[in-house]
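Colleague: Residue numbers (my numbering), protein chains in the order written: chain A, 1 to 381; chain B, 1 to 381; chain C, 1 to 381; chain D, 1 to 381.
Be a bit skeptical, because a hint or two may be false.
Because identical chains share one entry, a pair is satisfied inside a single copy or across any pair of copies.
Below, simulated DMTMM-like cross-link-like pairs (lysine to aspartate or glutamate); rule was C-alpha separation at most 25 Å, straight line [claimed, not checked]:
hint	residue 1	residue 2
1	363	299
2	363	353
3	248	286
4	248	297
5	248	321
6	363	315
7	248	343
8	143	343
9	248	315
10	248	359
11	248	361
12	363	286
13	143	374
14	143	293
15	363	321
16	143	271
17	143	244
These are calculated hints, taken from the structure and not from any lab test.
Number of protein chains: 4
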Amino acid sequence: MRKDAGIVLAHLAAPVGFLGASSLPTHLVLGFGLAAMTALTVADLRASIGIWLTLCLWCCLAWFVIEGAVRLSAAFVAGRVRRYLLSPACWVDVLSVFLVPIALICGLAPPTAWLFASLWVLKLAQHSSGFAQLGRVFVLEAKPLASVLVLFLIALFLASAAMHVIERDGQPAAFGSLPAALWWAVVTLTTTGYGDEVPRTHLGHLLGALVMICGIATFGLWTGILATGFAAESRRRHFIQTWDLVSKVPFFQTLDPAAFTEITHMLRRVEVPPRTAIVRRGRIGDCMYFIAEGEVEVDVSPMPVRLGPGAFFGELALLGDLIRTANVSTTESSTLLILDLADFRTLMAHHPELARAIDAEGKRRLSENQRRRELYAHGGV
Amino acid sequence: MRKDAGIVLAHLAAPVGFLGASSLPTHLVLGFGLAAMTALTVADLRASIGIWLTLCLWCCLAWFVIEGAVRLSAAFVAGRVRRYLLSPACWVDVLSVFLVPIALICGLAPPTAWLFASLWVLKLAQHSSGFAQLGRVFVLEAKPLASVLVLFLIALFLASAAMHVIERDGQPAAFGSLPAALWWAVVTLTTTGYGDEVPRTHLGHLLGALVMICGIATFGLWTGILATGFAAESRRRHFIQTWDLVSKVPFFQTLDPAAFTEITHMLRRVEVPPRTAIVRRGRIGDCMYFIAEGEVEVDVSPMPVRLGPGAFFGELALLGDLIRTANVSTTESSTLLILDLADFRTLMAHHPELARAIDAEGKRRLSENQRRRELYAHGGV
Amino acid sequence: MRKDAGIVLAHLAAPVGFLGASSLPTHLVLGFGLAAMTALTVADLRASIGIWLTLCLWCCLAWFVIEGAVRLSAAFVAGRVRRYLLSPACWVDVLSVFLVPIALICGLAPPTAWLFASLWVLKLAQHSSGFAQLGRVFVLEAKPLASVLVLFLIALFLASAAMHVIERDGQPAAFGSLPAALWWAVVTLTTTGYGDEVPRTHLGHLLGALVMICGIATFGLWTGILATGFAAESRRRHFIQTWDLVSKVPFFQTLDPAAFTEITHMLRRVEVPPRTAIVRRGRIGDCMYFIAEGEVEVDVSPMPVRLGPGAFFGELALLGDLIRTANVSTTESSTLLILDLADFRTLMAHHPELARAIDAEGKRRLSENQRRRELYAHGGV
Amino acid sequence: MRKDAGIVLAHLAAPVGFLGASSLPTHLVLGFGLAAMTALTVADLRASIGIWLTLCLWCCLAWFVIEGAVRLSAAFVAGRVRRYLLSPACWVDVLSVFLVPIALICGLAPPTAWLFASLWVLKLAQHSSGFAQLGRVFVLEAKPLASVLVLFLIALFLASAAMHVIERDGQPAAFGSLPAALWWAVVTLTTTGYGDEVPRTHLGHLLGALVMICGIATFGLWTGILATGFAAESRRRHFIQTWDLVSKVPFFQTLDPAAFTEITHMLRRVEVPPRTAIVRRGRIGDCMYFIAEGEVEVDVSPMPVRLGPGAFFGELALLGDLIRTANVSTTESSTLLILDLADFRTLMAHHPELARAIDAEGKRRLSENQRRRELYAHGGV
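Only chain A is shown next, with the shape it has when bound in the complex (with noise of 0.2 Å):
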């Protein structure tokens, strides 16, 4: 038997969220500009289709020309000139739009002047909040990470200085000098190992196979710091988020702080665009909803209910044999908050005052559809 939405709302929700819909068409043109930057570069396709390729790129950047003039002109209206330009994505913005004109006009080489438009790619994080996320969590976790890069680079230089010594007279093109011996270094402690250079008498294979053994375990601890350090982050990055959403449920205002702060904790946020079914009737259900903005309708008969912010809903399958009795679609674009059945257990067994008002509210609600069905009954014939 399949689920039905839940988290999968999540998942769309997601992506979306992250490009931004609003920014799709610069996306689509980003997209477009960088392909075409591309194709330029290869020697065929510019003999055959190169004018094609520039008119193309000129349409991008006029696109990004007009698109920059738009911000400029709304941060003006807003009154925050200032600080737009003194912000990463003004920068990104001029970059953008002068550095491949100010390139032609000094003399270079079309194809070579276009490679600037590869900087068009830092668009695509203009306007992300997940950077500040991971950002956070370097600077938080900068002193043991600076750490490990220093143990790369003792790693590093005394490695090259031995195998320089090791493999100079052997091979002298390839460790014959500190730089191409730190190639060599760097090249094996990363393990990306090409091959171009390798040791090839007894005691260089023993020192590379050292080497190699180090450059894992240096990849493990940092690995351990960033897992560390992003679920700090990502605990403490849901809590903001959802607090603010959760303190608008009528339902949780009469919590005690800490409760609410549990149940914050527990719920995950949710965009619903209108129109689009939540929970069907005769799916599995995994979790219930709690309205913070936009109405949703119950299709219960005879007549639909909708249910507005502050409201929940979903509580029945779970309370019951998992199994959904209704079908729920919002009718405008709503935020929901999501509570999953573990946690709605969780929650449950330590509050067992919100497991009562979820119970009477559920038993209210089902009499008053009995009630609303006789009427009907009672008035419709």
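For chain A, the structure is supplied; the task is to place chains B, C and D on it using the hints.
Modeller: Here is chains B, C and D on its own, set in the frame of chain A:
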């Protein structure tokens, strides 16, 4: 001294549960089919035993046709044809069965047409619940993973554009066009390092070293995100799976909800086939067992005792010197819940009433054994 | 200022505990044997010192024969012959001793026959408890790990079939058959990247890039699963190991079970050889010690005090300015439980009665020292 | 809207704290020295500017001699000569200073003798506390890491013996001896993959694939162990570092020990140089600050207020709409404790008395500001 089976049961149960005991023939057919398909692409084998390999492949295809038909009719009987037709399992069945014949009809050479049989490998994933779990991790962590991918793309484009400028004069074949440089950047950022394209200048080496270190940093973030996501998902799934079984054990139904939630987090479910020894007298025991479904036989003198659903055993060793005092084996296919020594002690510490209940039950059982032994001795002689 | 030994003791204890102090000669013999076996395969060395290498190998074999005989007779004395014969340790002993002679008798050339001596390396794992732990992680996470392996297999087959089609015309030697393409796919998915088979077309490069990114994603999942599993297993094992020792300390027996469980999670066990300095006056101390087994001598004037099992020391530094006030060393082989500064403070905060007890004991000891010093001064002069 | 400095302060503080602000000249000298030493091994550069490079190296050496002498005399003044002579920092100093001259006296060619200058890179690690932390992780996880290394050794020996047998006839140069096969196995198990030795037979490919997968599994375990160990160590170190500072804040001294422990886990220490803006009016604020040491100036009208050790600021934004209402900057070098928004809310929920105290202090400050403004208005005009 060796330990008793305990956790090894979980081991044995896992792969069977993963592949699905009933689908063993399908997996054998799958293995033969993929091997035959692989062999058919080798010119020597095709010349010598090509006819037998093709025969084998047709047999496999026939098996999959039959299997698909059986599954369709089963869905028809259960009135779920529409749901089956829309499921990914059905798409895999259809692709497995129809692609190769269609390719042959379209006039492709047989060895090429049979390459579509490589899609049969998807059948491995057809009935596995493990993928839902891995999929959820990717879904829930989609946003930070997408940020890492964007970082990867940015590093890719900027590095390849720079390397193209640096190395194109020295190595026009390897770095003369941006697509070639992009290939180098992908190979280096993922630390694969084929070595078919390697920078040769000092500046190129410096940039290459930077790209490798970027690759490791990106990879570390990626691993950290997946580790964080997997830890959360793993806890959640375990809780959901165990909850229903724990509800069936009467001993736990008297617990207050908070204790019930706590013990659900601790128990580990395991399926045991009939007539399997679980506990051996004299072995070291580091867990106790609750019977969720099925029946076990405890081999105490003068006659064995049978314990049904809701009973528990193995607690005497944990309360005493960890040495098992009796043999226990299943009489029918059973589902047991394993409580680890560490968790047992934590639980006893937090819930003294549970400790008393287990202690009382243990004493009751010992005295009953004593009484029965006396009864038997009196009556038997 | 340097810290006192504290945690470094755990360091020194670990490898000794790992290799087993009593098996040092076996490990030396093992090292010599493997080195001789490796040297014997080098033609130059075989020609020059082959006779000595063979002699060395026979000596090693004789040692293992004796060792196996000793172990068998010990098992015989303890009445556990059957259990020993079924244990993996016995299999390793049998393989180590019999395989090489059998190979020689079967007529294999000596350098080839002695290759079976590489199985001696299994003796490293023969008596290690660390493998049980790593094994448990694999067992408990078998299901998700199997899912990752299936993902790996699916990516492997689909990628190699596609690459075979794309590249077989251009590079018939490298991609002309599916087995060759499978080899490329394995080398690429694991990010090993030998570079012996590399795609050359643009489409091949695109597919190759995709395969590398899949490889990193798969690898990240694999690492995440193992990290999650190892964290859980690590906590569990530590708890089990410490529990029994903690039970032996009278000071903890008065604790309620919840506090007992909490402190068991915090303490770290360490074995200290006799006559070893543990605490040095004037050093910085960041932990306190409980004596589980053995005896220590505290070097206070006018005469040293001896503390036996159940006593604790080093708490004065944690309560004061972290500077040690006396030298402490073991008089016999002892087992200590280390309580870290961070855990000490957390524990004192959660259990004020424990804080009071430690404080009272510290004061009692100070006043007793004072009293004894006065006594000594009066009696001595 | 941009956020205020908050966590970025921690960022700026980290590398300075890591390298040690006072050792910046040493690091510059170190950089020049290593660069000159590297350049000296390149034949072209040696021929053209070798004399200048050597001069630069002698200058660096002189600097290190002076630095070592200063450190020794400082130790002499402090009466710690013996402790300094036994410390690793001293060994690094001695090696840095004496090795190169000794090598030159022994008659080594200058470019070779100066290679010992690569040991100068150890000075990077000389005064770093980060290494103690990484070292502790390795020490505490020594046992499982050793198990993984043994697994690695076992895989290494068995794989190379098998590959030697399989491939020695086809490729006598690459796999003809066990040392050569061991080199292949190391390169493959660490997924480095130089490609200088590659199996060519089908059986060799199969074994190679197995070895690569073993390598990834081993690597995953290694990373998992380090990640687990690092998470524990990271929590511990943070707690120790913060405890002493928290004790200095009078506001926290009234807390019961459990709450004190909780808040110590939450606070993050940051060193701020004098005259640095911490909070800017109108920015988004996601943390509040406690002053452990130093002084800040809050820019409120009619005249700024100064806050000393024990005071806190920035709480108004967290209690309200997250917008900062005043500029705050340091007047002298200060140590602040940062409390994150997420932790602030959790803390307020768990400790209502703390919430009331912060609220009362905030109101008191507002009313005082009001009063002062009125006073100023009356008196000023």
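Colleague: Would you mind marking each hint as holding or not holding in the structure?
Modeller: Quick rundown of the hints versus the structure:
no., hint, result
1, 363 <-> 299, "within (17 Å within a copy, 50 Å between copies)"
2, 363 <-> 353, "within (15 Å within a copy, 34 Å between copies)"
3, 248 <-> 286, "both (24 Å within a copy, 20 Å between copies)"
4, 248 <-> 297, "within (20 Å within a copy, 36 Å between copies)"
5, 248 <-> 321, "between (30 Å within a copy, 14 Å between copies)"
6, 363 <-> 315, "within (11 Å within a copy, 42 Å between copies)"
7, 248 <-> 343, "both (20 Å within a copy, 20 Å between copies)"
8, 143 <-> 343, "between (35 Å within a copy, 22 Å between copies)"
9, 248 <-> 315, "both (19 Å within a copy, 22 Å between copies)"
10, 248 <-> 359, "both (21 Å within a copy, 22 Å between copies)"
11, 248 <-> 361, "within (18 Å within a copy, 27 Å between copies)"
12, 363 <-> 286, "within (20 Å within a copy, 41 Å between copies)"
13, 143 <-> 374, "neither (69 Å within a copy, 48 Å between copies)"
14, 143 <-> 293, "between (42 Å within a copy, 22 Å between copies)"
15, 363 <-> 321, "within (16 Å within a copy, 38 Å between copies)"
16, 143 <-> 271, "between (37 Å within a copy, 14 Å between copies)"
17, 143 <-> 244, "between (32 Å within a copy, 20 Å between copies)"
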